[in-house]
Amino acid sequence: MVEEVLAHSDYIDKYTRELVMSERLERGLQTLRAQMDTKVKSFFSSCVHCGICAEACLFYTETNDPRYTPIYKTEPMRKVWQEEYTFWGKFGKKLGLTKSLTEADLANWEELVYDGCSMCSRCSMVCPVGIDIAYIIRKVKEALAASEYSPEGLVAATKRAVEIGSPMGVKLVALQAQIKHVEADTGLSIPMDVEGADYLALLSSMEIINFPEYIEALARIFKHAGVSWTLCSEAFEATNSGLQIGNSVVAAELVERVVAGAYKLKVKYVISPECGHAFSAIRWDGPNFIGRAYDFKVIHILELLEELRNSGRLKTSGKETERLTFHDPCQIVRRGGVEAQPRQLLKSVAENFVEMTDHGRMNWCCGGGGGVSANERAEGLRLKAFNRKKSQLDELNVDTIVTACANCRLVMEEGLEENEMDIPIVGLTEVIAEHLVED
Amino acid sequence: MIAGFIDGPLWYFSLTVFCIGVLWKLASIIFGKRKNDLSVARASGIPGAIKTVFSRFKADKGMVPHIRVQIVAGYMFHLGLFAVLFFAAPHILFIEENLFNLDKIGINWLAMPHWAFIVASEFAFLGLLMLWLHRLMNPVSRLISTADDHIAAILTFVVMLTGCMALLEGFSELRLLHRFCVELFLIYFPFSRLIHAFTFIPSRAFTGAWFGRRGISS
Amino acid sequence: MSNSFMLKHSQIFTRPIYCVIYLLLLFCLFLPFSASASGPATSKVNNPANDLWMSVRHNTESGKITSQVKSLDSTVLINSRAEQWTWFRMTLLIKYSIVALVLMIIVILLIFLIRGKIKLQNGLSGNMVHRFTDYERIIHWMLAILFIFLATTGLILLFGRPLLIPILGQEVVAIMASASKEGHNLFGPLFFVSLILMLFRFIKRNIYERGDLTWLLRGGGMIGKSHVTGGFFNMGEKTWYWMVILIGLAISVSGLTLVSPSLGQGRLIMELSHVIHSVAAIILITVALGHMYLASKGTEGTLESMKTGYVDIKWAEEHHDRWAKECHENNKIISAQDYARLQGKNIPNQSPDQSSLVEERK
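Line order of the protein sequences matches chains G, L and V.
1 is the number of the first residue of the first sequence in this note's numbering; add one for each residue after it.
440 is the number of the first residue of the second sequence in this note's numbering; add one for each residue after it.
658 is the number of the first residue of the third sequence in this note's numbering; add one for each residue after it.
Please keep in mind that the hints were generated in silico from the structure rather than gathered at the bench.
As the structure is a computational prediction, the values presented were derived from the model and not from experiment.
It is possible that part of the hints are untrue.
Distance ranges between label pairs, derived from CB positions [claimed, not checked]:
1) N537/L with A739/V: 40 to 46 Å
2) V910/V with A442/L: 36 to 42 Å
3) K989/V with E183/G: 56 to 62 Å
4) R746/V with W554/L: 54 to 60 Å
5) P529/L with A706/V: 48 to 54 Å
The beta-carbon is built from N, C-alpha and C at its ideal position, and this holds for glycine as well.
Kindly generate the complete structure, drawing on both the sequences and the hints.
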């Protein structure tokens, strides 16, 4: 009698549990299915689980935790691919031999994907079968964001970006205050909402708040080179939180704001500032987010500076004598293609420029990209991952670090402080501006 | 009777499954729907795609000290197996007679000397054994490996081993055992990790094109 | 734990005393063999054909026998030595190989049944220390797998006729033997390569040093009650290493000689090679059985060193105290939690039975 009752209630339990599927899981699964494309299928078919990608990822090399292996971070998507597109997967699912993705999996993978990955793509460069692992991780982020398994810090930043216009909550008044300081320091005026200017310059909140010397540098360089430029009061933010959290709808909305601003001011070019993910968002992913090509061109500030220098419009004098190196921001160099320009620029104003062992397209990430720096929970891991950059710097023994991304700059400053290393970090645009020939 | 089955219907069945499976997989990848990239490319992705198909054969210098086992054992196995498969006398004879009736057209190619056959197969065995043991011993590959990976490795090893055991070519049972294992291998191939032997080309090409559009060699 | 006189320390059963005794025994077994069968007594009546026969039979008038075929051993018409070799191969070797192997298996079974698994005095602590790298474990298991394969195929070839044919019949055994011969010949050189890799990788840690003699004199803990000391490898393990290397090299070199008959060596070298190869192999197989038992079921905490590369610090303190001391001094000990993390088992907040991905990965 007792056994019968138990057996009956077991059956009810199982039956009910299968009916009431969590909505979050459902959304996550739907998104994973929607994100599946030929490339992903090709990638998963080719992966032989060799583990080489782990050796390229600083989150693995500095912790030796195999769970940070790049391809392991894509497991939720691999599971869906296996169940829906492979013979054995379909076979196993039909016979009930294999377990489908559960909500616990999504919850477990949140930390791996958001804390333990900065989307730097170094793994994509070393995979022997050519898998672009970061491409897949980006899609997994989409599913985690849809199922609301994203870090609090990032969610808050995204909310601020959508509602206020900046992930750090920087409003126009704050920007205007900074502009006032720059105008006072330089004696130049910063053009705002100038219709018909050639270039619309975007800024990242990080630069506005922490490194306003970038704005000053822009003003001086553009005056010197005779560049017609402007800021836009309705679209000054370059950072794209949608890209960082993995929400294409938010990402598209943020890109549309820039597009609208560029259209309103009828500019020819939009300049992406010294911020890695901003460049990826506006230059490469933007048109795909909004579903149409722009009627303006996007150029990175470093590309523009090099163009100006090359054509003779930008003249510099004097060289830095300090021993310095360049930290390549992943999204600008490896994933953005702006590899040669920073080097040409830096060589023109520095005589003791040394490269880190792994540099350029094979550089090591600062550890804070892709939203990791906005995620307070990830701080411990991020500081540990910084050990990779630390060992690169220890090898070189430089006096200064030059970089071209405000986020990298802040993350590295924190890392250097944590390790009691006293090396100043400067932005490349700033360095160029310091060496302008005064006329 | 079993011999007739292995030399006859099972051979044709396994060959068909293999060919259709591989073609289907490749077709689904090459002709699969892909979203057009609307961003302005710096350069066409095609040169990047082609370059990357070949460039991934060489590991980045900085990575080499950390992945030595995979590189050394990997090449030993793949090159050894390739040499044995296509340049060992019994295999050449088999291909000519059974696969494309090449002997009737008069196409044949030179077999390697017997000692080279032995050396190549030893490289293949050593490489495969080392790779499989590495998969078990290294915490990363141990975590990410699936049953498929192990079955593929062991099945490949069994195919090679049965081939080795039949080397004397004195007992038809051993030859049949080897052939049977090969047929199992061919049937398993398209539904497993082994298909990477073909899909690595479009995978590398996709990534090469993606980076190539951005002007980065990968 | 009971301080049983005979069984204080696990290593003694594969270690020097046992091996020494065994080697002595083996040596004694060969004494009758060394007395070669003498030739037939010289007949009292001088039969002229007898002289011819004698010189042919024993090749006594070398130089007087010439041949048109100018190749190695072509003047040898009857190889008398071969009778002794055949007797060795078909009678002595088979008989004593079976004795040795069966004896060893019985000894192991007895130890397992009577003594059971040798546990640590103070139990496992969960705090681990790194002992073997990935590469070192790969080499070990490669050598082990190759050895087992070669031993199996070799024993099939050795015991095929007397033991297997009566059971399985001639046809089946012919196939098995052919397959085994091909496999054995192909994998032999791989064993040699793996042996060289192992030689270079572990040689530094296996040089005998101060303290090892103490270990030996105390019989690995057998004589006297005081604790025996050991470095990274204790004396018993070092001896096993040198056995593997030296006997393994003997097997490899003789094996390579056997597998390449057309290098200019004659029958004598081939016969000698075969004797060395088979005797050395049987010795190594026998002792390897002991090693396999002790390193796995026989001792608590040992197999982990070759599976994961990490050992419990308590295991290190009990079996390799000098190395354990170094680990303490250099802060090499990691907590159980860190160890789990390094093995990829640090799943933040989820019980395994709810996750589909974590369960798959064992």
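Each hint tested on the structure:
no.	hint	in the structure
1	N537/L with A739/V: 40 to 46 Å	45 Å, holds
2	V910/V with A442/L: 36 to 42 Å	41 Å, holds
3	K989/V with E183/G: 56 to 62 Å	60 Å, holds
4	R746/V with W554/L: 54 to 60 Å	28 Å, violated
5	P529/L with A706/V: 48 to 54 Å	52 Å, holds
Checked against the numbered hints given earlier, the structure breaks only hint 4 and satisfies all the rest.
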